[in-house]
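Student: Next come the chains, spelled out residue by residue.
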Amino acid sequence: MAATGTERDAELEELRARVAELEAELVEQAARTERIVAAAQQRTYWLDRWHLDLDALMRRRAIGAPLDVAFRALRKLRHGLQKARRRLTGP
Amino acid sequence: MSRVSVVIPVKDGERWLPELLAALAREAPDELLAIDSGSTDRSRELLRAAPGVELLEIPPAEFGHGRTRNLGAERTSGEIVAFLTQDATPQPGWLAALRAGFALDERVGAVFGPHLPRADTSPMIARELERHFATFAAPDGSPALQGPGDEPFLSNVNAAYRRDCWEAIRFRDVAYSEDQAFGRDLLAAGWLKAYLPDMAVLHAHDYGALEFMRRYFDEYRGLRETTGHVEAFQPLGALRTVRAETAADLRWLRERGAPAGERARWAARASVHHGGRRVFSALGSRAERLPAPLRERLSLEGRADGGDTAAALPPATPIAPLRADDPYGAAARVMRDGPAPLLPPAPGLAEHERLRIALVLPPWRRGSGGHNTLMQLLSRLERRGHVCSVWLHDPHGELRALRPAVLRRQLDEWFAPFGGPVYAGFEDWHGADVAVATGWQTVHPILLLDQTHARAYVVNDHEPEFFGTSTERVLAEDTYRHDIHCVAASPWLRDLLIERYRAPADAFQLGVDHAIYAPRPDVARRADTVVYYARHSTDRRAVPIGLMALGELHRRRPQTRVVLFGTDKPPPTTFPYEHLGVLAPPQLAALYAEATVGLCLSLTNFSLMPKEMLACGLPCVELAGVSAESIFGADGGPLALAPLDPVALADAMERLLDDRDAWERRARAGIDFVASHTWDVATDEVEAGLRHALRDPEA
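Those sequence lines, one after another, are chains G and W. Read in numbering that gives the first Met the number 0, the first sequence has 17 at position 18, and its numbers run on one by one without any break. Read in numbering that gives the first Met the number 0, the second sequence has 277 at position 278, and its numbers run on one by one without any break.
Residues from chain W that keep clear of chain G, each with C-beta distances beyond 12 Å, as calculated:
id, residue
1, R66
2, G260
3, W662
Counterexamples of contact, computed for chain G against chain W with all Cβ distances above 12 Å:
id, residue
4, T5
5, R7
6, E10
7, E13
8, A64
9, P65
10, A72
11, L76
12, R77
13, L80
14, A83
15, R85
16, R86
17, G89
Covered by chain W, according to a simulated footprint, are these stretches of chain G (three or more residues, beta-carbon under 8 Å):
id, region
18, 22-36
19, 51-61
Quick caveat, the hints were computed from the structure, so don't treat them as lab data. Note that the Cβ used here is the ideal one computed from N, Cα and C, for glycine as well.
Construct all of the structure, not just a fragment, from the sequences and the given hints.
Tutor: Here is the structure:
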């Protein structure tokens, strides 16, 4: 049975609403993506400014391993100091 | 991880092949191809017996240094193709260093490593290798990238190529020095190469003194044929060089603890070596002038050919095609294929609260007025909730050294706050509701962008007028004829685009940052001070006319203080003045607060600077009959307009300096007039223009 004019209008209205919903989703997704890229660019500014590829640098045995050890030791030291300060000054 | 194929051309390589194959078995590349061109020793036997080695045999006559290596690259499949010679032995870590080299930058097309001397290598060669390769490393001895303008040296004794790069360039079919030619072609095509100290091989040619000389003859003949280099020869200079080189060899030996007897023995050999080198390299460079039989005798390879070049054309330099850097490439593609189709009209999209706006910018510099306008607008569009991104179109590579994170920070710090991403080029293009061109160079590129609902063009100026009769002028005029919706930076410019080009166009008024440009009651205004925006690198600023006007003013009023700004280099003048260079906005505001009269000329569209002067209460002189009337009315309103005539301009400045009442009137009128000219209002107008662009395709 052929759809009546009212039914067609309702169907059209429904489709329009769905298109609008999808468009809104697309814009939201685009906004999220651009935000992520912008945040990554914000974080890597100094590395990019100095043309530093940390990944390549850390893969070099002569530099990567000692640096990694030094950073871990520093982190441990800082953690220990924070812990000690908390003990001394209370919670 | 990238697959690495190793290719080794072989001919009678029995002596070093076992050592080389053992080293490669340790390094374990993904593929190993040996190309034998008629060995008469046990080379083929050794290669067949080696596990994982594919052996390709070609007739000796088919061998060519470039040709055979191209064949090797064609017959292998790795994303990286490494070439070694049969007497080069990779050292531990060779393959890892090679892979790391390509990871340094995606534009690295080739990498090469040092040739280390073997234990029995002569001190002349050992020292030369050490000195030669040390020049390529970074100051701390780490890998170094080389780009345009750097030494094109490459050596296929120990080099590797990104397959994309090799496919784009390929080795020339030359008798010698195919690697040097590739190095030049690679840099000319915009690729980088990298020197990797850890990608080392043991390699040294172990020849007798005469063989060395004949080899130098071949080497310099090859250089002449591929690069046109002719080695100079001056007997006295050559003697001095031989003495200096021999002394350096002996010093090198002493530093390594060689006893006096050994040093004395090498002294004679080194003198012969360096003397022979000078003579045979000069002869090789001029091989075409020697009789063929002599050439054959002098050549270690026994080559007699190559004597005809002097009678024929000079050696032509093959030029590799440009890759991405063709400034006219986008225009040519638009002319050939037409613009990319727009996405089908989306009813109601123009009214959406949030639009995806992609702004395409040409390269910028600190202080660029056009970029400041664009970023002021984009910053505010972003604050209104639009999803904004910036795309740099940089065909000349002016900002090539800067990565996107750095580009983004520059826009944010130099012009206006921006929270979105910045993309260099269009490789990551992912569509937009509206793609916005911002200068004539960016229009053809946006015509090629797909996944876009509409295109718009923020027109800061009538750019064809920036050029004399030229390709640039024609292409700049063409940008207005593609039915892109224009949003022009003044009513004058809008009317011009509509009348001359029939372009669909709206207009916006340049805004003023009133937080910076405002009257400063705390700053005492100096009497008799004229400040002039003398940016002489910008032709449309009519600086020679402005300087003539100031010269005339100085002739009449020698006591008037003249201050020039807006350019790093002080222009030469016939009158004394003070020069302030390029100023930041707060400094400009301070200058306008203390000056008496401002002078700022534009031969095309009215610029922002006079408005900023007016906002600071500084009356300003501009040109009549160009574009200012479209903003300030026929009589110029608060502006003092004068024709393009040094005397008339001097008259206008003098009136403002002498007539205190007229000065007061114009100062007040200027402040009142520009009060409503804000970036928020400008953003309203541009946003309306972008929505208009989105409605155009629907219509």
